[in-house]
Amino acid sequence: MLLHPALVKLFVKLRVARVRRIFSGRSTRRLVMSILGLTMMALWLGTVALSFAFGARTGEPLDASWISIITLGLLLLGLLGNNTDQVLAFTPAEVDQLFPGPFTRRQLLAYRLLGTLLGTLAGGLIFGIFLRTFAHTYVLSALGAFLLLAHVNMGAMVIALVRQGVAARLYTTTRKAVIIGLLIIVGVAAWWALAPQAPPIEELLAMKDAPAVRAMLLPLRPLELVFGAASVSDALIGGAMASILPLAMLLSVFALDRNCEEVMLEASRKRAQRLERLQGKVKLTGQARSRRLVRLPFLGPASVIVGRQTLAALRGSRTHLLIMLLIPAVFIAPSLIAPDKSEAIMRNVFPIFMAWGLFLIPTLFRFDFRAELDHLELLKSLPLRPFALVAAELFTPVAIATLLFLGICASLPSGRDAIQAYPWIAPGVPVVALLIVAIENLSFLLWPERQGKPGNDAMAVSGRRMLLSLARFSAIGIGAGAAFLVALLTKFITTSINAAGLGGVIALFAIDLILLRLIVVAFTRFDVSADLPE
Amino acid sequence: MPDPAPILDVRGFTKSYHTTIAVADLSFSLHPGEILALVGPNGAGKTTTMRCIAGVIPPTQGQIFVGGFDVRAKPVDAKKRLAYVPDDPHLFDALTVREHLAFFAGAYEVDAWEPKADALLDRFEMRDHADKYASDLSRGMRQKAAVCAALLHNPTLIMLDEPLTGLDPRGIRTMKQIIRERANAGAGIIISSHLLALVEDLCASLLILSQGRLVFRGDVAQARQAYAAQSDASLEDVFFSATEGPAPTPAPPTTPTQAGAE
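From first to last, the protein sequence lines are chains L and F.
Residue numbering for the first sequence follows our numbering, starting at 214 and increasing by one per position.
Residue numbering for the second sequence follows our numbering, starting at 40 and increasing by one per position.
Honestly, I wouldn't trust all of these hints.
[Claimed, not checked] Simulated restraints, written as ranges between beta carbons of each label pair:
{"hint": "1", "chain 1": "F", "residue 1": "Glu164", "chain 2": "L", "residue 2": "Ala723", "range": "49 to 57 Å"}
{"hint": "2", "chain 1": "F", "residue 1": "Asp167", "chain 2": "L", "residue 2": "Ala306", "range": "29 to 37 Å"}
{"hint": "3", "chain 1": "F", "residue 1": "Ile60", "chain 2": "L", "residue 2": "Leu464", "range": "53 to 61 Å"}
{"hint": "4", "chain 1": "F", "residue 1": "Asp207", "chain 2": "L", "residue 2": "Leu331", "range": "41 to 49 Å"}
{"hint": "5", "chain 1": "F", "residue 1": "Arg178", "chain 2": "L", "residue 2": "Pro746", "range": "37 to 45 Å"}
Note that these hints are calculated values from the structure, not bench results.
All of these numbers come straight from a predicted model, not from anything done at the bench.
Note that CB positions come from ideal geometry on N, CA and C, so glycine has one too.
So here's chain F without its partners, still in its complex pose (with noise of 0.2 Å):
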């Protein structure tokens, strides 16, 4: 069976800052139901390219779809299909959670959100705090707060900076549990972490970024197969191998692999 239009397609994306290159000639596609992980070292790119995808920054070359629309040529209908949560977002002090889900639901023009925005409240223990001034919640509370806004749209690509930071156990465990969910039904998710555990608990796939430049896109066996000499080593050794060691063995062509990373 052919493989499904990618909800995201990246084409030689390059983004940089006067001389210094963020990110260089980056190429790659996600499919539905896939998860990515996103890892490299610190400065890497990881950021700045979910920024560029999710519309925030420019691309100084390249370009980038999402379901099919162009985000710079397109930006509205590109952005009304991606969620993205940064490292540490930023609530509005001065609303309450439940306002911060009437905004979002107004900007991305959710139609009947109370019921949706309930069930996500519920999932993540927020109910009893949906009356909260944002600059009354904890850093773990205003992490699910803001997942809850970045979810109630029903987006069909999904980019999470660092998401299980401040999270305390049940919502890490839930977190992990609305991700696979998400991409069972079929979005698709990127995942920007340093936690290589999360990483091999949730993600099939893997795109290796260093110094901005792609080292590795492939599935987990297939990175293991390029930069680790045993197959059943950790992919902290693969990361290491990858961003620090000598180049890897060519790899066979890659297929991203599709829903399931259960």
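This is chain L alone, in the form it adopts within the complex (with noise of 0.2 Å):
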């Protein structure tokens, strides 16, 4: 039997109790939210549904030749991202529970296709919302985006499967020469639209048309002809046609199954250490040579935290301290190269980064709090002042904003210059970056989540970072304007900006010295045994 009656069960079982999960909160504060996100989500996906999928429409429909090629696209970043076998990915209670049961390769390779076909399915009806411009009506555009996302599904396993079993250098092969081919494209791409002797762009668009393309794309274009049906029997005929690859392919996965289990376990192990990572664990392994941390008097002996999470973020996130330096490089290397003309640029899009990256910095750098969920046990029973905890927790991530903030100023000849004539910007960074962390954290206290957790309760869980977002946002916004009115009442009663901007400074000081009471609030009531997210 294909489909083993247990796994079928627990199929079943699982998705019930994924909706069951949303409304079982075990505080009340967090069920209100799950169910305040999943009416968010519902809203605005019901929202973009019914005016994209039912709304008016204006003209007839895009090309939908640019279907094959978005489906060769998918096929191909697949290919490329090296992660087609995710598809086959298990979570680490089905590799423990399942795989040493009496269950054959097959089963477990099927009961892995019934999650992609649900997958698929939900995918197609949101997919289908986007691609209404190729398709007369939504019912068309949701059969297409299902059946595009089946050919990149299928077409992931067969890859993965491929990869491993049977020719593992040819796939190396394959993966090198769409690589080179893809680079080709993309300098003909980036010659065509900046070299001044180039053709016009709508040339280079047109040969998606040439014979040859077409050609390559024959095997995807009954994907084109679901999208472009103008009847019923047209949208059948098409949905059969498009139906036979990913059917092939389905009997390719099956027919290339013997070393299935090895590619599951491997994509299953890919997956776990991702979300690990995503959770802000990090898996070094080795010696190293252990260091003394820092310690910062003002704060006592809960300096250590501040040691420890300084020693995390060297370790833990060199991608992010890459991009870190990376982008004050970007701010000052035109400065280098053409000084004359990186002034004028600097003096326009110098401000806009800087709020930009105020905001992106403390949200990218999680040494507080936020990477301490699976610690919050230890760091209730060590015997600190909790403001001074907190204060060490939040140090980490407003030290690393400031000295990125202040370094991009003081390299850059109109950011000496405003340092100069505006002496509270120096203090008002880290004032402002300490308002940022603190929300970040205090939200996170009130409703903690893990990053990347996989499936369950996706709806409601993307619906309440929506909302999250949107209030710690709003708390941002209310605080920040509260600081800009009083350095307008300021600069009303001295006429001065600078004592104007000193008071902005010190009224915003005010509100993140109240935001860290809250957080101590919140993580003193914060109840291991309740509130910990799974």
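Relying on the hints, combine the two individually framed chains into one complex.
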């Protein structure tokens, strides 16, 4: 039996449990957020779906021949990303419980395919909204999107199995060829777009209709028939034709299943590792020279937390640190290469990038409570005063953001001028960074969640995230607005811009202190036996 | 001679979640040198009790004093005197074992911690692994590292949740020796474990919880007297009789046994 009854039962029960979980939060606060999040997602998706799917259409659908190019692009992206095996990944619980169980590898494969089928169906319904512009009706675009995703997912499975079992070397060679081919295409496109003597861009786009390109895309062209169908019979014929390739690939998956257990286990391991990385866990191996932890006297014994977070930042987030170093490089490079032009550019672009970066950096460097979910029990057992502990936890991301921004300012002539002219900018940077980091941490302690947790109540989680982002931005806006009002009032009284700036910074610092106090309360009240997300 | 002041004094402690009562009206005390086994079926409230004593979660009702300090009113003073090693200790992945010890030494303000840390690492045969990242340690090594970190500040109350999990035979022997040494030196020790052989081997006194309620508090001999027909009955028999059997005949008033389970 290809589908083992126990596996089918498990499959259904797990999906039912996901829905049930939304309404069975252990705390009322979490339950309310889940329901609000779900409502928000439903409203958002509903509005988009209604306007895209059933709204009055103006003009003809877009050229459906783009569909086969999009499909090919997605297939190639999978090949490039080296992550095609993720369609065969199981959760850690499934690996532990099902692989030693009395199931054949084909039954495990079929169980996984059931999940893929359900995901493809759901993806088709959502993706169909966005591909609506290529079809006459939403039903056609949803059907087409489902078949498009079936091509992509089945293709990914075949690639993963071929790679592991039949021809690893062939896979590597093909991948290299595809990368070189894509680089050539990107190079030609860049030349076409930038070179003055190049023909108009429309000529490049028209190449998609060249006989050679059409021939290459022939296996994917039935998808165009579905999107471009003008009648039900056209859609049925197109759908039947577009199903042939995914079905053939499905049969290939079962024909290639000799090594599928290894592929599934490896894919599951990779997925588990990725999730751990997302949750802030770092897998460091081997020996290291043990270092003394940075001590900051004003934080007392809590300063060891700063030392620990700094070490974690240095060791566990090299990519983030690289990005951090690249950002100032991007700012400084134009002033080194073309000093005359860069100043004019910087005057216009610099403030926008600074504001954007000031929001980005604290959200990128999560070396605070957001990386402490599994350590909250330990932190709460330490003999540290809560205010000092909270201040120490927030210190590292604020320090990173401050150093980065003041470093960029100091390295640019316009930045140096600004700091000299407006002395409140220097103390203002850490105060603003603290505001953002504090709001992020307060929201995390009130509604904690594990990053990248797969599958479970995905809609409610996405909605909750949207809601929290909105709340965070509103809180930042309110804080900044209050400080601006104080600055305005100071300006009105003193007529000095610097006094106004200083007034704004002091007001913002007062808000920071209130937020720190709220975080202390949230941390103290955080109950590790009830509030920790699964 | 009058009893010395208790290291731990739990009075009317209750912990509830909405309508679920995890622990109800628990009162007991622990004296210097006493090794107390906290036993009970899964979900009896053992970990909740230890977490509340450690100040990790607040009690719903009642008071907990560690070294005379109320855990809620004077948390820092209370926590400085205790060590709590949970069932599955989470270490900081990006730190080495020695950096963990430096972290705890800083947090507990331990002066000249390095010789003490080295001695503990030697006892647990962890010296060679001192510069390894925590994420690279096996389950047993993580347990050893967590115990080393917990003992560094010489706590007077030590709480260990399933302390032998993952340890090799040498590690188990060392752990037992250290528990006895610390008790002989005057520390009060609470061990929560389902390994009744360990309890029988190490602990002179017993606290049995079932469904969040205190079933028994006294020494092992009194437990046998209360719950088993024969005086040489195993602790396993006592445990099942206490947690699943009919209510016992009332035991005489209990006085916690002092150090030296040996």
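Consistency of the hints with the structure:
1. Checked against the hint of 49 to 57 Å, the C-beta distance between glutamate 164 of chain F and alanine 723 of chain L comes to roughly 54 Å, which is consistent with it.
2. A hinted range of 29 to 37 Å for the beta carbons of aspartate 167 of chain F and alanine 306 of chain L is consistent with their spacing of about 35 Å.
3. Isoleucine 60 of chain F and leucine 464 of chain L have their C-beta atoms about 58 Å apart, which keeps the hinted 53 to 61 Å range intact.
4. One distance hint, 41 to 49 Å for the beta-carbon pair aspartate 207 of chain F and leucine 331 of chain L, holds here, with the actual separation near 45 Å.
5. A C-beta distance of roughly 23 Å is found between arginine 178 of chain F and proline 746 of chain L, which places it outside the suggested range of 37 to 45 Å.
Hint check: a violation occurs at hint 5 only; the rest are consistent with the structure.
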